[in-house]
Each structure stands twice: as C-alpha cells, then as structure tokens.
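Since the structure of chain G is provided, determine the placement of chain E on it from the hints.
Line by line, the protein sequences are chains G and E. Note that numbering that gives the first Met the number 0 gives residue 132 to position 133 of the first sequence, counting from 1, and the numbers run on in steps of one. Note that numbering that gives the first Met the number 0 gives residue 244 to position 245 of the second sequence, counting from 1, and the numbers run on in steps of one.
The set of hints was computed from the structure by calculation and includes no laboratory data. It is possible that some hints are incorrect.
[As the list claims (entries may be wrong)] Far from chain G by the CB rule (all over 12 Å, computed), these chain E residues:
no., residue
1, Phe94
2, Asp132
3, Tyr146
[Stated by the list, open to error] These stretches of chain E come out as covered by chain G in the derived footprint (C-beta under 8 Å, 3 or more residues):
no., segment
4, 170-183
5, 211-221
6, 249-255
Computed from a predicted structure; not experimentally measured. Glycine included, every Cβ here is placed at the ideal spot set by N, Cα and C.
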Amino acid sequence: MELLKAEGLTKSFPVEAGLFRRAAGGVRALDDVSFSLEAGESVGVVGESGSGKTTLARILAGFLAPDGGKLVWEGRPREFFSRNAWAARVQMIFQDPSASLNPKLSVQTLLAEPLRQRARWDGLSIPRGPALVQRIEEALVEVGLAPEARLAYPHQFSGGQKQRIAIARALAAGPRLLLADEPVSALDLSIQAQILNLLADLREKHNLTMVLISHDLTVVRQLTDRVMVLHQGKAAECGPTAGVLAAPQSPVTQALLEAVPAFLR
Amino acid sequence: MTALLKIQNLSLEYRRGPVRAVRDVSLEIHPGESLGLAGESGSGKSTLALVLLRLLRPDEARVTSGRILFEGKDILTLPEPSLRALRGGPIGMVFQDPFSSLNPVLTVGRQIEEVLEIHAGGRNRPRALDFLDQVRLPDPPRIYAAYPHQLSGGQRQRVCLAMAIAGGPKLLIADEPTTALDVTVQREILNLLDALRRDLGMAMLLIAHNIGLLSERTDRLAVMYAGEVVELGPTAQVLGAPSHPYTQGLLQSLPKISKGSGRLPALPGQPPDLRRLPSGCPFRPRCPSAFDRCVQEPPRLLALEKSIRSVACHLRHGTS
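The following block holds chain E by itself, in its conformation from the complex:
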C-alpha cells in the first residue's frame, strides 16, 4: 500500500537557540490509518504537526533536511496557492483550544459554509447542517445560528471537527484535541473522532502528551523523545511490551487503578534541554541500561528483527 503521507528524514530547527526540535524523523501514514504520536513537552510532536502544513514562520524555524510527501507531492516545496488548497481541504486540522480556532464574530454556520466555499464548490446550508449532525451536535439549526461563545468547550471542539470534515479530508491532524476538555467529554470526542475516521475513510494523526489517550484510538503508535522518534509499532504491542527504555520506564511509572498506593518506579531526571543535548543517545542520562556505545553513537530508528516494530536503541540492535 502506498503511503498517503510520507515524512522522510525530516530535521527542523528554531532559529532562536538554535533549538533542533525535530531530528531525522521518518514516518508514514497510510490511507484510513490512525497513527498516534506521543511525547512530552519539547519532544517535537507539535512542531511536527505544524510543519506538516508549513504553519511555522520561515523567520522562526527552518527545515534543515528532509521531505514531506503528501500523495507524492513535497509539501515543503509547494507554492503558496497549492498549500492553501491543501490546508483545511485534503488535510484537515483540529487543535487543542477550539475557542482560538474559531472566529468569534461569525456564526458557526457561516464558518462551515466558508470551508464549503473554498473546498467543496460553494456555500450550502443543508450540507452545513448535515456536517453539524455528523459530529452529533443536538439541534443543528440552533448551533448553526450560534456564535462560538454561546457553546460549551465540547460543542466548540465538535464544531471544529465539523469544519475539518466539511473540507473532505483524506488526512486529519488532531493535535491534543481533547486536552482542554473534561475527562468524560474527552472520551466522547475521541469516540467521535474514531467513528468519523471509519465512516469517512480518512487517515488520522492523533497527537497527545497523554499516552493513555492514544491507547485505544490508534492503530500504530510513534513515541517521540527529544525531537526523535524512538519507538514505533502497533499500539497494543508498544504499550503491552515496550522496547525502548524510555517507553518502558514511562509506562512503568504511571499510576494505575489496580496497582494501589505505594511508591511508583519513577523515571529519574528530566527531559533534556534541546540546546544542550548529550552526546550519543538523548535518553542516555536517564537510562538505567546505558553503556559505552550510547555515549559515542546516536542510535537510529531501526526495525526489530522479524517484526513490524522499530526502536532507536543500541540494546536492541546488537553490535553491528
């Protein structure tokens, strides 16, 4: 199967610092697939989401190497008009804060119809109402006429989703789409995202700092640390039997309902300062199993033997 989106050896740095926020990342998303991207602050996951649509200002950040191919075309070299046709159309986006993604002075209906005008051949009230219905908002005509401030946080995020699917996306990028919402609303929105993805046959890149959120809604999971993908594989396998010491340590440290109280096996230290990365493996200073080679040579993300999983760790790749 050919990939819908193919990120090849992408590296990016912010000019201030400079901070190498994304380092040699390669990822593929296949049509209809749901890929989870987990990472802490500074791991590069949100930078990656922004650069996929070239939403970073050139005076702020620059791509130092790599390509981002969407249906074979390199997003990084696309002229501005083609890029605008892509954003909100074939590639939809949903962000953390639904309030700042919506225009406060326009009604919900008007904003959805604007998407239809740009990406679907013209304004159309019945279709706009249909999209509000598809995201399971009650009483679509009332929501259609409402302004964003009249809606709850969960309703606003549903409106953002309606706008995204109105553009007919093949890929939906959702960056922390539920972080600002209540836990039970979070679950509703995740269920909705999942149902829409299946119904509309779109692929999804779901980005979250909370690895738990990604556990039930993604086919594959990529774990980022210090700007690199350190582990990649089917979600159930990565969470069930993590291979990278970071993923292992992180999952062990999480409190669980069944675990009860008592001390947690916490990961020592803290995520590295991207301006002062250690030599070799960026996780080395926190790693319980680090050895000589981890100081000298940065590990590369390589496939595990006889597996569809990959991991960037010298422990897993012998002495080749």
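Just chain G, with the same shape it has in the complex:
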C-alpha cells in the first residue's frame, strides 16, 4: 500500500552575491524529483553534499515547503495536514545527536512532550504522573537505555547513547515514517553497528517506513530495500538496493561505489 508519494518536487534557494547581498540567481537544490514509498519499506537516498538529499529530507519532514510539485500521504495532499498532524506521522533523526537534543532539558522532559502530543492526537487521555513515567521508561528500555536515564541530561551521555535518546524521542511521537539523515556518520565506528541494528529492529517491531539519507553505501546496503541516487538535485538512478549496487548504471553511483574501500565492498 502506498504511504507517501512525491511528484515533481522542486526547490531552489536564492544565491546572494556582493557586499549588499544582491540576489544573483538561484541554485536548484531539487529538480523534478518523484518517487513513492510503500508502507513498511525502507528506501535509501544517496548522494554527495549538494546533491539535494538533505533538502529532500527537510521537505518530507515538513521543515521546508517545495517550490513546485506535491506530496501526497495516503491519497491526501500535504496541505491537508496541520503541522502537528504531519509531525504525528513523520519524524526525523539527525547526524549529530548533540545538536538535536536541547541540552537544558532532562531526558524525561524531552520524551514527555511527544508522548503527550501523541495521546492528544489519538484522542486518548494525556498521560501524567506515574503513567507518564512508565511510558518514558518503556521508551528508553526499547532503545537499549536504562529506565533511570530519564533523570539525566543529554551531556551526560556518549554519542551513541544520545542517538538512542533521539530515536526514542522520534518514536514517542508515534510516526509511521522515520527519516534518518546520516544517523551513524558522527558516531564512533564500534558504536555504528549497534545503532544500525537498533534501527532495523525498531523498523520491524513498529512496521515503520524508513527513508535513510546517507553518503555511505555500506550503511544503505545494510538498511534499505530500495535506493535513489541523487545528483545535482535530480534522481540519477533508482532501483532495488542490492541490484543497483551490484550493477550500477549511472556514473554517479559508480563513483560513489568506487569510493568504498575494497575490503568493505
């Protein structure tokens, strides 16, 4: 079943030049990109910086409106949904968990807001007191953290643990689509496999649809069923991940594959 469909997404950013920041034309970050996501599948979006992959993620997350094209969620246009309604469906995790978690808030506070929001959205009674604490502790245990972690602050955790908190927070909102923008690139090498396994487990458990944005083809191979290679805002190649990586057709994909060291191919 089709969950999300993107048709002809286009986005330009103005380029300013000179002392007085005159508009000096625009750069097409995304140029007529179309695809569809089936419920429960995992799709990789691959490309170099400037390829448009992060712009695409930000449009899907609702942080950015496209200049042209449309997004359709289960037959309804993006505009049909309020900001909160979209956030209840689509959540995102980022490369640097230190930057995406508010350092002034305890883990408990970070998780309480999306949990309350979700209850409000589902028309359930809003959890408070011991019930809320229990929900928070369950969310932490699910991502492999101790229940007591709820009382701590982000700086007290390692990079991998912070990413687990960010994942718990994203899932607390009850999304059906999870966008992961380079979720392990900033983590220590010996921690990356733990987080990749966690994402795979959670995807299966919650039947999540996932869009993984990455420059690293080994990670894309590990986590996705299909892949779209972006280059200068356009889709250069699309197809099943195993097939595309076994026999890449586009020179862009070939160059990205060649960048993978031989012993990781």
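Here is chain E on its own, set in the frame of chain G:
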C-alpha cells in the same frame, strides 16, 4: 634501516581530569613509509599527532614519560627555535579542516611563499606555482591569486598540501585530512597524498577514525584503543586477519556491500571513560574472550611469534 621518527614509551596526560590520553606508546616510522593510525574518539590518536610537534599547551597537557626522536633528536627537549624550524619544514602537517588551517586574509600564493621564506630560502613565485601544480590544482595562477574562501573544500585541502610539501618534509602528518570532504573528493585527496609521498620520498603518518580509509593507502597500520596501541602490523595482514579482539570485533561489525542486510555482529558496550579505566586490559569489559589474567594485568604490545606483527592481548602471548 634506522627510523625517521621513533616514539618510545610515550605517556601523556591532560591536566583536567586528569585524563591519561596516551599510555606507553612506542611506534617507529621509517623513511618513505606510510603508517596508518586508526582509533575512535578518545583513543589518543589526535593527541599523539599534536604532541609529535609539541602543539599541546604545557598548562593543558604534560608528557609523563617517554621520548620522541626525529632523526635522533628528542622533540620533547628541543628548544623553541629549533622546534619552529621543524614544524612545517622537515615535518609537515595537514589537518581535518582546511579552512581553519589557512589564513583567510592572505592569498594562497602569499601563504605558500611564506613557507618558502621560512623553510626554503626565500619567496619565489614560480616555485609556489609549481607546488600548486604538483597538488593538481587546475590553473595555478588563478589559485595563486585567490583567497581561501573562494575555493572549494577539496581545493583548500590541496592548498594545505601544497604548503606542507613546500616545506620539503621528510615526514607528513595528516590528521583526518579528508573527514570534512565528500566521499569522492576524499578518494582524490588520498590518491594525491599517496602519489606525493612516492614522488617526494617522504614518510607519512595518516590518522583516521575510519579504518576503511587507511586500508588502501598505508603500508603498516597501528590500531589504538583507550590511549594504547593494541595492534600493529602490515595493513593487509591486520585487516585480513586481525589478531586483537577489538580489531576483530570492529572489523566484523562493519557493514559491507557484499554482506547484504540482516543484523550486524555489533561490539557490545562503548569505549571506556579514560578517567575511570578498568583494571588490567582496557578492552576487557567489551571482550568476548576475557579471562582472569585480563583483570589482573594490563597486556603489553608484544611481537607475535615469527611475525612482524605485534598485539597487546594475553590470549596471544601464552602464560609467560
């Protein structure tokens, strides 16, 4: 062959904590050789790069033991003027972020000529242009006149390389030289580093957290964990048949294109807090094969029998 750089039993601690960031490290780099240094954050690899040129402030960090001999002279006891003559000259450096290594208000040409003035007997425009050409920058006269902000990340890193080789280095220390760059640009820069090393006959210490980057560009590989070198040997052998349980577990955990999806055999736990190291072997809490002796006694980096490889693990060194 005598070593160009010889690090002997080096230990260093940061005063805050105190954090023992480098512990009893011994390494040699031979002329013309490329040595890779792999390690995660907190492994001590970047601290090691900085202390090799005494770039750490004495009020920040202090060397608690050991020597660093470059062509027989101990860098740790060298007077400041001799040290300045070494930095950017016989020992070149390239760092992760090329933008912060360049002076934003000077043209590229001017910055290369400054290196020539200090280390090569005077300013010389043709030679500066030649170095820009050697790092394969297109249109050297245009780059010569440009300011750093007018260049791309890859071009800036090439300029940093041009400045390093303008000093005529015998040893180039490259600390995460491609981490800030796109993957395909990374590869170009690594190829360039390799070609320059061969052409100019310099030795290289290539430091990276990404062990994959080191796989194709280094003769030997040192793997650091919690401030120690835990495994050392020819790169192909270390990656092909790792001996330390950390290296083994790390390499097994990496996703590979040919492996397909499915669960990865992840290493459990996380790198230790250097302020609260476990007793004995620092990898013990994450090690699937740890036994009694690993709790009691820290393993030392010892040569494997009949091999040019060494490993710091009790499993590999019997009960002596």
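#### Entry: Unsatisfied constraints (hint numbers, rising)
none
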